[in-house]
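Residue numbers (this note's numbering), protein chains in the order written: chain A, 1 to 310; chain B, 311 to 579; chain C, 580 to 962.
Calculated from the structure, these hints are not laboratory results.
Predicted model only: the values in this text are computed from it and were never measured.
A few of these clues could be false.
[As the list claims (entries may be wrong)] Below, a sample of chain B positions facing chain C; criterion: calculated Cβ distance under 7 Å:
| # | residue |
| --- | --- |
| 1 | 357 |
| 2 | 458 |
| 3 | 570 |
[Said to hold, decoys possible] To spell it out: a stretch of chain C is covered by chain B in this simulated footprint if at least three of its residues, at any positions, have a beta carbon under 8 Å from a beta carbon of chain B; those stretches are:
| # | region |
| --- | --- |
| 4 | 609-620 |
| 5 | 829-839 |
[Said to hold, decoys possible] Derived Cβ-Cβ restraints for the label pairs, each shown as a range:
| # | chain 1 | residue 1 | chain 2 | residue 2 | range |
| --- | --- | --- | --- | --- | --- |
| 6 | C | 724 | B | 341 | 42 to 48 Å |
| 7 | B | 469 | A | 111 | 40 to 46 Å |
| 8 | B | 469 | C | 834 | 17 to 23 Å |
| 9 | C | 806 | B | 515 | 23 to 29 Å |
| 10 | B | 465 | C | 807 | 51 to 57 Å |
| 11 | C | 631 | B | 524 | 28 to 34 Å |
| 12 | B | 465 | C | 896 | 51 to 57 Å |
| 13 | B | 515 | C | 958 | 32 to 38 Å |
Where is the CB? At the ideal position from N, CA and C, for every residue including glycine.
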Amino acid sequence: MTAATGATVIATRGLTKTYGRVHAVDGIDLDVRPGDVYGFLGANGSGKTTTVRMLLGLVLPTRGEVHVLGQRMPRAGRRVLPRVGALIEGPAFYGHLSGRENLSLLDASGPGGVRRTRRSRVDTVLEQVGLAGVGRRPVRAYSLGMRQRLGLAGALLRRPELLVLDEPTNGLDPQGIAEMRALLLDLHRDGTTVFLSSHLLAEVEQMATRVGVLDRGRLVLQEQLSVLTAPTGATVVTTPQPERVTATLDGRVRAVDGQRVVVRGDDPAEVNARLVAAGVPVTGLALERPTLEEVVLAAAGTSTDRVEAP
Amino acid sequence: MIAVELRKLFRRPRTWATIGVLNALPIVVAVLLAVTDLAPRPGQGPAFLSAVLTNGALFPLAALGIVLPLFLPIAVAVVAGDSVAGEAQAGTLRYLLARPAGRTRLLVGKLVAVLVFVLVTVLIVAAVGFLLGTTLFQAQPLAGTSVSGTTLTAGQLAGRTALAIGYVVVSMCGVAAFALFFSTLTDSPLGATLGALAVLIASSLLLTLDAAAPIAPYLPTRYWLAFVDLFRDPILWRDVSRGLGLQGVYVGVLLAASWANFATKDVKS
Amino acid sequence: MWPGGDPDGFRTVVRMAQGSGAARRWALVTGLVAVLVALPVVIGAWPAPDADRSAAELRAAALSSTDVDFSGYAESAGGLALPATDQLGSVADLFSSRTRMRVWWRGPADNRVDVLTPAGETDVHQDTDGRWTWDFEADRAVRDVSAGGLALPAAGDLLPTTLARRLLSEARPAELSRAGADRVAGRDALALRVVPADAAASVARVDVWVDAGSGLPLQVQVWGKGAGRPAVDTRFLDVALGDPGAAVTAFAPPADARVRAGSGDDVLDEAGRRLSSVSFPGTLAGLPRRTVAGAPPAVGLYGRGVTLLAVVPLPYGVAVDLSRAAAADPDAVRDQLGVRLTAGPLGILLAGDSGVPAYLLTGTVTTDALAQAARALPGLAAA
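With these hints in hand, go ahead and build the complete structure from the sequences.
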């Protein structure tokens, strides 16, 4: 392959999956770089899960190529996948066995799980996800949140270079979500690349460095989060007297929304000086930045759950 | 992989429940036989059962004869049908494959685990049968009579019993392979089990039809009862060797078909 | 079917092989199955070499092969559905179902024939003084010292060797012809055909396959007139020439078995005792009367070779039993002569009026011949 794929963690080219005549995933070119927390956004049914499964070699592409950690998937799965940790569509375990036993079995099921260190690695990841004291209870008796934590523990078992997480905060309470976020940011700081597939914008916005948006099987957006939410060149003024702002800054006002007035110009100090000089009370002043939600809604269409009349 | 599959199978309460149920029928038969002292009439009932009243050491074989036609294949079909489809239904299949467990290795590991299950089950049935036979009936553990009326030493009897146990295990290979193949086709363990049982019932039915005589030598259940031939003197190897070959062909073909289907199957469960 | 030479099918497979991985693997598996299915067909269709041996030579070889030592496995399939009576149940089974046999042969006075059942076996060990019969499921050994002669058919009589020799022994040269060659039990076998010349015969033909090397008859098929499949088909599936060893044919009853002395053939002995003597005509239905050593004098035997007729005057009890069995048979035909049954080439006539028959006529003769014979019997001529 070309040198470009060597520098990327996940690279797909024209990745397509069709079921019959339905294009579940339609020619997407993912580009995830080392050190990214990649937020893979999309509504339910937009093809996120199919894409994640193709990355891991569970579903085979109809067309296109997948490279993970610089190697062709699914051909190099035996070499690549031990370096990848995954949480796919919710955790799954053998209910009659304990969490520890489940992790140990999973570790023994494939290459790269060194038997000598298995016990200590299992203990470490259980501690990491906050299940150190769970004991010998069978997984059958776990709560949804505990299972989610155990699933993440399974993904972390071999210190992966890449974490592929599909909806990892499902079933977690707000505290659990915060813990999970802290853990992922920790891992990220230690050099783990995280591919985070989610339909929760807020979750992605808080963690991601890079975002891809999937809409009905097409990748409609892929950019650094900092670029997407970069200042638009306008200033937002908050004032109890918006009509006086319009009068003062003749022609520069782009929009008025209650007490919020959007003014062209990327120098809040200059705007402030002019308003204060005119005696307009200013209670708030900031550069305008688009929210991720606005960006996504602008890029993607309606929800795929909607079924319009023909 | 095989060790992992064995751990999964034998740490499972259901596995031991199956083995327990399997042993229940010979136990009931032995107790009834000992209480009533009524042996089946010659030519009727399972193999060796009528001989048990005179020599309890033959009860392991009678027990095998009791479970072989129905109970044992059902147990095998349940366990083998669950092997891949059960993992798919529980969702663990995607984690195994993303681990990566290797699809072909997984199939072979599953098949071997099922066969070990059969071996363990048959050994337990034989051991329980031996205990029952020697406690409930008059036993002559030092010698036995072959089907042909010659005398077998205790060593010969033990050796042939071991051969019979091995043959019964091999006889179940075909069922296991069918259930495993169906298990790769569907995400429903029940569907895979029923599919394998449908094949067995069809095979047993066809064997009773004269019109099906041309295909009879190729039916998976055709040589199941040939383990009796191991107790003729001299041993009649004809059906035993054909049975072994036939099971080998079924395992080969069905494992190949399972592999053909499963190696690039989209795992969406 | 691929690879039977269908070029389109083959092209499809090649195209699939060039396609995706799954298709390639399925093509591989399909090919494997096709080879496995084709293998037995090809082996079965492989032509057997014929040899330039006359029918008379083959018959002589088959009749003189009693001294050839061998061991083997044979199966016979009978197509005759005989009415089952209390005394003759095992005989009826013999001609109506599939019988599996093992044989070890060291000569007419030293051999062993096992009849296998799914869960046991019945073995007959013949030695110079008599024979042992071992029944595993009954745990019983019976010693017979009868001198031979007439006996009810037993499984051993269905061995291809025994049956072929019996059927060939009285065949006339004009009735014999050659019928190609085939492979039986993996050996080259030359086929010999007997077409009975008697007008009364109900057997259309008898085919006997004789081992080209040793003269052992390997397969026998008996075809009734107008039948779509043989009435009797018995063949070896495995044959090994050579002395099987005295240890195999010898028999010593196991310590815990019930051992008893045989009382000969119960049914025939009883028949001899209870039957009233009848003066039989010299010929019946064109078949000459014959004598057979050991047969009760009250039974009239007629015919030759594969065309045989037996006439038995019935005691009252047996007559009631037989007529009840016959009446239960949906295929039975009743007319003024009595009740008539056919089972393949075997005809049975219970002759006599008023419900209880006076004679049993049975044999491999046509129903017309049976009727003709019945009319010639003393006491029935009026009917």
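Hints, one by one, checked against the model:
1. 357: holds (4 Å)
2. 458: Constraint on residue 458 of chain B satisfied, holds at 6 Å.
3. 570: holds (4 Å)
4. 609-620: holds (count 3)
5. 829-839: holds (count 6)
6. C:724 with B:341: 42 to 48 Å: Roughly 44 Å apart at Cβ, these two residues keep to the hinted range, so it holds.
7. B:469 with A:111: 40 to 46 Å: The hint (40 to 46 Å, Cβ to Cβ) holds, given that residue 469 of chain B and residue 111 of chain A are roughly 42 Å apart.
8. B:469 with C:834: 17 to 23 Å: holds (21 Å)
9. C:806 with B:515: 23 to 29 Å: Holds, at about 27 Å.
10. B:465 with C:807: 51 to 57 Å: holds (52 Å)
11. C:631 with B:524: 28 to 34 Å: holds (33 Å)
12. B:465 with C:896: 51 to 57 Å: This hint holds: roughly 53 Å between Cβ atoms.
13. B:515 with C:958: 32 to 38 Å: violated (51 Å)
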